[in-house]
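Chemist: Sequence:
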Amino acid sequence: MILHQLIDYETLRLIWWLLFGVLLIAFATTGGFDLGVGTLLPFVARTDTERRVAINTIGATWEGNQVWLILGGGAIFAAWPPLYAVSFSGFYLAMFAILFALILRPVGFKYRSKRESASWRNGWDWALFIGGFVPSLIFGVAVGNVLQGVPFRFADDMRIFYEGSFFALLNPYALLCGLLSLAMLTMHGAAWLVLKSSGPVAERARRYGSIAALAVIVLFALGGLFLWIGVGGYRITSDISPIGPSNPLLKTVALEKGAWLTNYTAHSWMIIAPVLGFVGAALAFIAMRARREIMTLLFSKVAIFGIISTVGLSMFPFILPSSLDPRSSLTVWDASSSHMTLFIMLVVTVIFLPIIFAYTAWVYKVLWGKVDEKSITDKNSHAY
1 MILHQLIDYE
11 TLRLIWWLLF
21 GVLLIAFATT
31 GGFDLGVGTL
41 LPFVARTDTE
51 RRVAINTIGA
61 TWEGNQVWLI
71 LGGGAIFAAW
81 PPLYAVSFSG
91 FYLAMFAILF
101 ALILRPVGFK
111 YRSKRESASW
121 RNGWDWALFI
131 GGFVPSLIFG
141 VAVGNVLQGV
151 PFRFADDMRI
161 FYEGSFFALL
171 NPYALLCGLL
181 SLAMLTMHGA
191 AWLVLKSSGP
201 VAERARRYGS
211 IAALAVIVLF
221 ALGGLFLWIG
231 VGGYRITSDI
241 SPIGPSNPLL
251 KTVALEKGAW
261 LTNYTAHSWM
271 IIAPVLGFVG
281 AALAFIAMRA
291 RREIMTLLFS
301 KVAIFGIIST
311 VGLSMFPFIL
321 PSSLDPRSSL
331 TVWDASSSHM
341 TLFIMLVVTV
351 IFLPIIFAYT
361 AWVYKVLWGK
371 VDEKSITDKN
381 SHAY
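Counted the way our numbering counts, the sequence shown spans residues 1 to 384.
Hints in this document: simulated from the structure, not taken from any laboratory. Since this is a predicted model, take the numbers as computed values, not measurements. Hints may be right or wrong, so weigh each one.
Here are the computed lysine-lysine pairs in the DSBU-like style, where the Cα-Cα straight-line distance is at most 35 Å [unchecked claim]: (1) LYS370 <-> LYS110; (2) LYS374 <-> LYS301; (3) LYS114 <-> LYS370; (4) LYS251 <-> LYS110; (5) LYS257 <-> LYS301; (6) LYS257 <-> LYS365; (7) LYS374 <-> LYS114; (8) LYS110 <-> LYS374; (9) LYS365 <-> LYS301; (10) LYS365 <-> LYS114; (11) LYS365 <-> LYS110.
Sequences and hints are given; from them, build the entire structure.
Modeler: Written out as structure tokens, the structure reads:
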């Protein structure tokens, strides 16, 4: 028996769909609070010392948290080549906006304290705000567009044609999803600040985080409501083989109102995902008001897990539907790399992913503890 045949093609495709979800959730629960802190920076910190407190709560770990974003992009490239080709070419202006915003963060961290000028530091603080706000919003806008379908098609020779524009991405439902993403990561950033800071910064973070948690509940409910009554979903109307070739044109797909909710009818256990989204946000609000710092962060993570899982489970087996030509829609069963490629990648992942998890846990253990004004004003400190 050839080694890669130890796991059948259908199972490998399903495993990589799950791993892709794990990477998204890992980035949202680690890099997400970095983005949230950046978004909250102008509101929770009013003096230079307070802003340095907020910045230094993430200063030691934000670079490591970006690993999950890089791994996610790498997983798309290697496991789902058509998804990589369509999304990275069709959304390239949006991705440039995200990259520009993310580039502002390391520059802002490194340069803001190089001069004593108040205007200099204020400018870099606003750059850090942009570096948190813009990606948080655009990530959600992207998800909103994916749920509605992306205007691309495949020719018979599998050439890709994308017929959308950057401003078409900013439609009402996508902006609603963008606001949900922004509120979710702001809540998560506030939960981190409550845990890692003290004094006025933590108190203001608790106040803004409570508002963000309530916004998450409202926006998540509105997103589900519009998905039910106003946003069409996609349904495969022909036979499709889970072990068939990676050619999306071999199936037929129909656009139907409420189709994204049919998985919950067929598999009632999936309702756990949206329930976790609502309950996690509600408990994060309660824990925040009750000053339960660790529980606030844990419940915020539960909310993120539930919300992202809801999107994945609602769409399964679709990963990128096409609004231009529904049969060109990419699914778990017809958009993956070869059997052998998925197997080799899985072996590498089984080896290295636990190492990344272990190293990340060790770093957080070593760097555990609050950041306060005393540590910031200490001349021997290496803080930003």
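Chemist: All hints, please: hold or fail.
Modeler: Going through the hints against the structure:
Pair hint LYS370 plus LYS110 holds up; C-alpha atoms about 21 Å apart against a cutoff of 35 Å. Of the pairs offered as hints, the one joining LYS374 and LYS301 holds, with about 30 Å between alpha carbons and a cut-off of 35 Å not exceeded. Using a Cα cut-off of 35 Å, the hinted pair LYS114 and LYS370 holds, with the two alpha carbons roughly 24 Å apart. Distance check on the hinted pair: LYS251 and LYS110 sit about 52 Å apart at the alpha-carbon level, beyond 35 Å; violated.
With a CA separation close to 31 Å, the supplied pair LYS257 and LYS301 stays within the 35 Å bound. Only pairs whose Cα atoms come within 35 Å are accepted, and LYS257 paired with LYS365 is rejected, the gap being roughly 48 Å. With a C-alpha separation of about 20 Å, the suggested pairing of LYS374 with LYS114 holds against the 35 Å cut-off. Only pairs whose Cα atoms come within 35 Å are accepted, and LYS110 paired with LYS374 is accepted, the gap being roughly 21 Å.
Taking the CA atoms of LYS365 and LYS301, the gap is near 18 Å; set against the 35 Å cutoff, the hint holds. At roughly 29 Å between alpha-carbon atoms, LYS365 and LYS114 fall within 35 Å of each other, so this suggested pair holds. Among the hinted pairs, LYS365 with LYS110 is consistent with the structure: their alpha-carbon atoms are about 24 Å apart, no more than 35 Å.
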